[in-house]
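Novice: As a plain string of letters, each chain reads:
Protein chains: 2
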Amino acid sequence: MSLLKNDLFLRACKKLPVERTPVWIMRQAGRYLPEYRKIREKADFITMCKTPELAAAVTIQPVDIIGVDAAIIFSDILVIPEAMGMKFDMLESRGPVFHHPLRNSDDVKSLKKIEPETDLKYVLDAVALTKRELDGRVPLIGFAGSPWTLFTYMVEGKGSKNFSEVKKLIFNNPFMAHQVLDLLSDAVADYLSAKIEAGANAIQIFDTWGGILSQNNFEEFSLRYISKVISKVKRKEEPVIVFSKGVHFKLEEIASAGADVIGLDWTMDLGDIRKKIGGRVALQGNLDPTVLYANEDKIRNEVKKILQSYGEGSGHVFNLGHGILPDVDPENAKSLVNIVKEESKKYHLANAAG
Amino acid sequence: MSLLKNDLFLRACKKLPVERTPVWIMRQAGRYLPEYRKIREKADFITMCKTPELAAAVTIQPVDIIGVDAAIIFSDILVIPEAMGMKFDMLESRGPVFHHPLRNSDDVKSLKKIEPETDLKYVLDAVALTKRELDGRVPLIGFAGSPWTLFTYMVEGKGSKNFSEVKKLIFNNPFMAHQVLDLLSDAVADYLSAKIEAGANAIQIFDTWGGILSQNNFEEFSLRYISKVISKVKRKEEPVIVFSKGVHFKLEEIASAGADVIGLDWTMDLGDIRKKIGGRVALQGNLDPTVLYANEDKIRNEVKKILQSYGEGSGHVFNLGHGILPDVDPENAKSLVNIVKEESKKYHLANAAG
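These protein sequences, in sequence, are chains A and B.
The first sequence begins at 1 in this note's numbering and counts up by one.
The second sequence begins at 1001 in this note's numbering and counts up by one.
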């Protein structure tokens, strides 16, 4: 950490004093950047994930072009199910489609226990290479899907509106669900530990589908396993960020599960949530991603509202409340980052003065 | 109201004493019923909406077959945009697809001010016919989309994942957005007034897409117009139910806007919300619709949790937290209704004793 030229992001995650609020953008290495699309034209999505040189190149692009305060390794949460033996195609129009979704106990038997160092070596190589190429400019974030979110994809087999298959499974065969979630928790923890070992300075757990569950079911099928992952990840001082989209109802419990930082979607009130749990965790977020469709004045107004809502002092990592959309003008992403850098200084004056 | 043989639903909406908790199911007149599919085979969805005899028949089916305590008129929220001149096709696979989505000020000029008594006479006829055929067995609910939800459909033109078009519009041309939302508020209020005039005993406003907005934007673009609709609807004692899916953050404000009943989705905690606003409004909901994929024991357990969460006394209308799914076994819907009827009695004993 001492070798980093810009460690604002890590300091904010630990609620240590900062001169300004750090900012990064979920899906910042993505289709909205022409430089990304140029690489994507030559290689499909999976090939990009599996080729460390390409993954490193697109991971670093937003640091150079957009000016973010952290890089996040280019990859996909579904590399874990794939390494466990579940093949899928990534279709431009429909997202991932698994060849054989997980539906019964026989399907479970065919799941392979993974060794990240061999089965997911390509990700670890990408992390190490990116770390070298970043050369301490900003920290590097590693990530994984939560066990529940991976399980949802594995059971549904493709994008879903009502998540009927995974809900049928948890209601009618909870034993099998818990068995697979347990397996996934070990896999996710080992994988995140290996990413830290390879050089990641922080990790984020994406619980994209936690919000489709009722509160009781969230505790039983998602939170329990997020908690297990956090307790098993081998780390020194690397913070853990948990982003549970739509989970407005269990933020205190996520803090109790050991998260250092909680990511908020744009429907949540940053200031209210700081009052409730800001003493225990840092908060990340939470601009509506569609605000980047607006002009610079509007973006500035909305950024100011969020900074004001959090208020003075450290413990806030600026981000969108969900991933950046593929048709956003990159100039607007640059504006966002610059505006956060300018407007946030005054909320850290006590620190600058001290 | 005095002519109703079963007015439990209306009494619960007004928090008047009841012997047991009333229950109905959003989308109860729908594809999960073989009796519905039999009619649907002979007529397309729009024809069913526009033919009072067919609309009345499917509206009454769940009263006869499932045993619900209220009927809700079979119709679609998009009849209003259609009457304003926006044509759409209803595709089985993709939902509604508008021929010309609303995108600029010229599109606004072509919107027609509607007269429900002529332009939507077929709905009013269906309400009147259903009322006659129900013959006082249970109350009849009329409904409409909220102005914001209708606007979202009109601008996106079809189903959407990120709602990019409508967000672009509110950020870049808020004047036009407010102009159309204002028009829609008048149309919705007039339409709901006409439905009450035709015999509806209660009305529900569906704000299906309120939850895609940040809290400030919800107040500006959705809540303001729900409030306008409620204040303009001509009614005597007919209660207004507002169901804003995903709007966990502004329930108190919806109560202040004049709703008599607030519908909750299944991610919300019924007991907590009763503590906060149960003194002012009744609450409707909120079983996860996918629980109907489970067996009867599981359904009973989940129903008991919800009844216990609300606790003793009136002011609770049992419902799902969203519409019933088309592949649910009708036997499970029947079980749900019977279980609510059985298990809820003990929460109203004080009343029975008095």
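Treat the hints with caution; some may be incorrect.
Said to hold, decoys possible - Lysine to aspartate or glutamate pairs mimicking EDC-like chemistry, simulated, CA-CA at most 20 Å apart:
(1) B/1250 <-> A/265
(2) A/168 <-> B/1260
(3) B/1236 <-> B/1260
(4) A/158 <-> B/1327
(5) A/168 <-> B/1329
(6) B/1250 <-> A/92
(7) A/161 <-> A/92
(8) B/1234 <-> B/1260
(9) A/168 <-> B/1297
(10) A/161 <-> B/1265
(11) A/298 <-> B/1220
(12) A/304 <-> B/1220
(13) B/1341 <-> B/1064
(14) A/161 <-> B/1329
Stated by the list, open to error - Quick list of simulated restraints, FRET-style, between CB atoms:
(15) B/1097 <-> A/89: 48 to 54 Å
(16) B/1121 <-> A/173: 47 to 53 Å
(17) A/16 <-> B/1219: 41 to 47 Å
(18) B/1047 <-> A/87: 21 to 27 Å
(19) A/89 <-> B/1279: 52 to 58 Å
(20) B/1113 <-> A/342: 45 to 51 Å
(21) B/1044 <-> A/67: 51 to 57 Å
(22) A/135 <-> B/1168: 35 to 41 Å
These are calculated hints, taken from the structure and not from any lab test.
Here the structure is a predicted model, which is why all the values come from computation and not from measurement.
Ideal placement from N, C-alpha and C gives every residue a C-beta, glycine not left out.
Novice: Using the Cβ atoms, figure out if residue 1047 of chain B sits within 21 to 27 Å of residue 87 of chain A.
Specialist: For residue 1047 of chain B and residue 87 of chain A the Cβ distance comes to about 44 Å; the hint is violated.
Novice: Does the structure keep residue 1250 of chain B and residue 265 of chain A at a Cα separation of 20 Å or less?
Specialist: Holds - the C-alpha atoms of residue 265 of chain A and residue 1250 of chain B are around 16 Å apart, at most 20 Å.
Novice: Holds or violated: are the alpha carbons of residue 1341 of chain B and residue 1064 of chain B at most 20 Å from each other?
Specialist: Answer holds: residue 1341 of chain B to residue 1064 of chain B is near 16 Å, not above 20 Å.
Novice: Compare the distance between the alpha carbons of residue 158 of chain A and residue 1327 of chain B with 20 Å, and conclude whether the hinted pair is satisfied.
Specialist: Holds, at roughly 18 Å.
Novice: Between residue 1044 of chain B and residue 67 of chain A, does the beta-carbon spacing fit 51 to 57 Å?
Specialist: 54 Å, holds
Novice: Is the Cα-Cα distance between residue 298 of chain A and residue 1220 of chain B 20 Å or less?
Specialist: Given pair residue 298 of chain A, residue 1220 of chain B holds - Cα atoms ~15 Å apart, limit 20 Å.
Novice: Starting from residue 304 of chain A, check that the Cα of residue 1220 of chain B is at most 20 Å away, please.
Specialist: 18 Å, holds
Novice: Given the hinted pair residue 168 of chain A and residue 1260 of chain B, is their Cα-Cα distance within 20 Å?
Specialist: 34 Å, violated
Novice: Given the proposed pairing of residue 1250 of chain B with residue 92 of chain A, does the C-alpha separation stay at or below 20 Å?
Specialist: 36 Å, violated
Novice: Is the hinted pair residue 1236 of chain B and residue 1260 of chain B satisfied, with a Cα-Cα distance of at most 20 Å?
Specialist: 13 Å, holds
Novice: Quick one: are residue 16 of chain A and residue 1219 of chain B within 41 to 47 Å, going by C-beta?
Specialist: 35 Å, violated
Novice: Is the hinted pair residue 161 of chain A and residue 1329 of chain B satisfied, with a Cα-Cα distance of at most 20 Å?
Specialist: 19 Å, holds
The structure does not agree with the numbered hints 2, 6, 15, 17 and 18 stated previously, though it agrees with the rest.
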